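Participant: What follows is each chain in one-letter form.
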Amino acid sequence: MLNPWLYIGIFLIVVFILPGVPVLISALIAPRKPNPIKNATYECGVETVGDTWVQFKVQYYVFALLFVIFDVESIFLFPWAVAYNQMNLFMALEGVLFILILTGGLAYIWKKGGLEWV
Amino acid sequence: MNEVTVIIIDAAIKAAVMALVLLTGFAYMTYAERKVIAGIQVRRGPNRIGPLGLLQPAADGVKLFLKEDMMPTGADKLMFNLAPIITSIPALVIMAVIPVAPDWIVNGYTVRFVVADLNVGVLYLLAIGSIAVYGIVLAGWASDSKYSMMGGLRSTAQVISYELAFGLSMVGPMLLAQSMSLRDIVHAQEARGIWFMFLQPIGFLLFFITGLAELNRAPFDMPEAEQELTAGYFTEYSSMRFGMFFMAEYIKMIAVSGMVVTLYMGGYLGPFVNQFPPLGIAYFSAKVFFLLFTMIWIRGTLPRLRYDQLMSFGWKFALPVAMLNVLATAIVLVYVM
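Taken in sequence, the protein lines are chains P and S. If you use the working numbering, the first sequence corresponds to residues 1 to 118, in order. If you use the working numbering, the second sequence corresponds to residues 1001 to 1337, in order.
The set of hints was computed from the structure by calculation and includes no laboratory data. Predicted, not measured: the structure shown is a model, and the values here were computed from it. Don't take each hint at face value.
[What the hints assert, rightly or not] Reference listing, derived: stretches of chain S covered by chain P, where coverage requires no fewer than 3 residues with Cβ under 8 angstroms from a Cβ of chain P: (1) 1070 to 1082; (2) 1091 to 1097; (3) 1103 to 1117; (4) 1157 to 1163; (5) 1323 to 1335.
Glycine is no exception: its CB is placed at the ideal position from the N, C-alpha and C atoms.
Just chain P, same shape as in the assembly (with noise of 0.2 angstroms):
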């Protein structure tokens, strides 16, 4: 029961090792002559002009709460559909119901205008 997960975290120090060696050489090896004007932001030759922490669109807000919602939610059907053979019809039909009141609230919010990027 451990040993796969093992092997996974013995891949992710190798996976560590690999990628580091090239930053690291690149470290080494690579001019570092810095200056004001190049470390200044990029905004194609023009200087850039007040906070970049500006205010942005709340539709991303309301997105990544749909996200959390319908995420949360389909997870719930991944160990349904592993269990599926084992079920009996009453519990294979709740999962269905489940789906069935998922989709009614997707219905919801896209009827409520939710899902329009405006």
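Mind docking chain S on chain P? Use the hints.
Facilitator: Using the frame of chain P, we list chain S on its own:
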């Protein structure tokens, strides 16, 4: 040698081979992409360095090594350094659960052509795949550049929107195979004698399309729309740290192709694969190459979507269709049983 030492050596060898194959695959993916796109646009593509330009990736690598690594003055130093690592590590680790050939018994010792056969393989793919989003958010936020900020936001919204349909279209093969282990899913396709892409055509197409969106590949490459955002969330990155983002993108292409092949296209299955298991590697690679070529082909053919079209496709088409596909599969399975 005791058992633990054997396991550690076995794991280290597999990990090193897998990582090296992925890194070489990445290098030659960049070459293949330039060559194929050039062919589509009736150009020659890279042909100066080495025969047919085959040493081009090596030259690109050397160039990246020798470039100065810059960081904007206003950047958040820790997060700026962390972002490429958080993006590239999951891309490499994701391939660990994908079997590339059946078990091979040599002199009584079983060689398993998979780094780790987890019993929650599908969940692992989804979980590791979504970690990469953090890298994108951090890169966009930490760079202190408006291009990066907008690119990061767009990319995040896009990736999380398509993740829903992406995850739901994995449920179909799981329903058919009754397991989350990727080996069992391949075995189920062998037992049924048919690839799941023929039993689940809608799931297969959705999985591939949403996979493209997860990768930020054309036609869903809004975050990197170079005409409006220069390079999106990695605008401020240079040298090897840019290289890590670049690497993550291409290795994720290979990983997503591997996922599609395993879940829907029969994985390593092919003629005579049970008689001589290493043949499975060839079948698996051939299928992955076909999908990678398709991805490049799509990039060379289709124009980029507008952002509102992209979001409405994800939420108003892909998500409901994925849900109904799960529903239909479940109902049909009740009848079949």
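Participant: Each hint needs a verdict: does it hold in this structure or not?
Facilitator: A quick look at each hint next to the structure:
no.	hint	verdict
1	1070 to 1082	holds (count 5)
2	1091 to 1097	holds (count 3)
3	1103 to 1117	holds (count 3)
4	1157 to 1163	holds (count 4)
5	1323 to 1335	holds (count 8)
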